[in-house]
Amino acid sequence: MTCTACGADLAFDSHRAKKGPDGKELCPYRGRAYPNLRAAHDLIYFGKWRKMDSTTTDIRRAYHQIGRHLKAIGEVLATKDLPAARRDLAKAVEAFQAGDPSGESPDTLRFMDHALSYAHMTIDDLLHEEGQPPHDPMEFSEWYDAAEVPFKEEW
Amino acid sequence: MITLERYPRGITLRDGARITLRPMVREDVNLLWDFFRRIPPEDKMYFREDITRKEVVERWAEHLEYDSVLPILSLEEGRVVGDATLHRNRNGWKQRVGTVRIQIAPDFRHRGLGTAMLREMRHLGEKAALHYLLAEAIEEQQAAIRAFEKMGFERAAFFRNFVNDQEGRLHNLVVLLYSMGDSGRGTLSFPP
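As you go down the protein sequences, you meet chains D and E in turn. Under the working numbering, think of the first position of the first sequence as 234, with each following residue one higher. Under the working numbering, think of the first position of the second sequence as 9, with each following residue one higher.
These aren't lab readings, by the way, just hints derived from the structure by calculation. Please note that a few of the clues may not be correct.
Listed below are the simulated DSS-like cross-link pairs for lysine-lysine, each with C-alpha atoms no more than 25 Å apart in a straight line [as the list claims (entries may be wrong)]:
1) 135(E) <-> 324(D)
2) 324(D) <-> 158(E)
3) 324(D) <-> 313(D)
4) 313(D) <-> 158(E)
5) 135(E) <-> 313(D)
6) 324(D) <-> 281(D)
7) 284(D) <-> 158(E)
8) 135(E) <-> 102(E)
9) 158(E) <-> 304(D)
Excised from the complex, chain D in its bound form (with noise of 0.2 Å):
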């Protein structure tokens, strides 16, 4: 189902969701700093194009919601002195345009990836300046059809 918070497609069935004081399942991101953009985030990360079954369907969709994700990063740090997070968005930015799916690059998943992981830092940005800890899209996994586990090592 789509959280009514924050637009993500959660997938409320596959667990026991929590529930609001009126019965309504709540938004797992609820409380958190930059709801909006994690949860963008992760239906991104955890979303089909990224499997194996993936279709071009999949990853043209995947393609232009990593486009509307920079966006709405894009109109949170226009509002911020925050110019190492500004690199980092024009980091994704640049791999976004490389990898459109429409010019058949055989690198447009290698691309989009690295847009999204760029994304994932500017989120991340935000975050620090706010004293939060980073975003760990592992964390919300349970709320999305996710099987995989990538390897993450912290410093």
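Once you've looked at the hints, dock chain E against the given chain D.
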């Protein structure tokens, strides 16, 4: 000159640890010396001076000059758990190049503190209008190198058998560079 009004500032690591970031002040000698004493011997070889001697830390504290060396400390409940420094030349051909050094307490490694401090250094580098940030690492420091690369640093140079440790063994040196062009300040253009 970098404005430091953002300090002290609190950050939370992913595991919930609450950290305060702030510039080092003269009164931090004991805290910093205690931090350095806890650094494992194999990591001490990366320092240019013998940090086990308290007078070295005292000298740093006495000669603090943020425009040349800006040390940002990470503290947890009054204990230093990380030290990041931004080194700058105020004049000359490298005045737009900043060098970053980061040291993390052993019990705070792999918890995201290094990455957070690196974010802080990037922010300060931007505010200081630097063109490049430079970092050096021994090839064996793979986690640190990956963290730098994740933050946008690129491997700029590699020197084989270039530096030696305290036992005389040679190590390869990796030089990483973060370029700060115009994209951080200019207007971003998005596709329609």
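Each hint tested on the structure:
1. Restraint check: the Cα-Cα separation between residue 135(E) and residue 324(D) comes to about 19 Å, which is no more than 25 Å; the hinted pair holds.
2. Taking the CA atoms of residue 324(D) and residue 158(E), the gap is near 12 Å; set against the 25 Å cutoff, the hint holds.
3. Simply put, residue 324(D) and residue 313(D) have alpha-carbon atoms about 18 Å apart, close enough for the 25 Å limit, and the pair holds.
4. The straight-line distance between the Cα atoms of residue 313(D) and residue 158(E) is roughly 22 Å, inside the 25 Å bound, and the hint therefore holds.
5. This hinted pair checks out: residue 135(E) and residue 313(D) have alpha carbons roughly 13 Å apart, not beyond 25 Å.
6. For the given pair, residue 324(D) sits about 24 Å from residue 281(D) by alpha-carbon distance, which is consistent with the 25 Å threshold.
7. For the proposed pair residue 284(D) and residue 158(E), the alpha carbon gap of about 24 Å is at most 25 Å, so the pair holds.
8. Taking the CA atoms of residue 135(E) and residue 102(E), the gap is near 17 Å; set against the 25 Å cutoff, the hint holds.
9. For the suggested pair residue 158(E) and residue 304(D), the alpha carbons sit about 22 Å apart, so the restraint of at most 25 Å is met.
No hint from the list above goes unmet by this structure.
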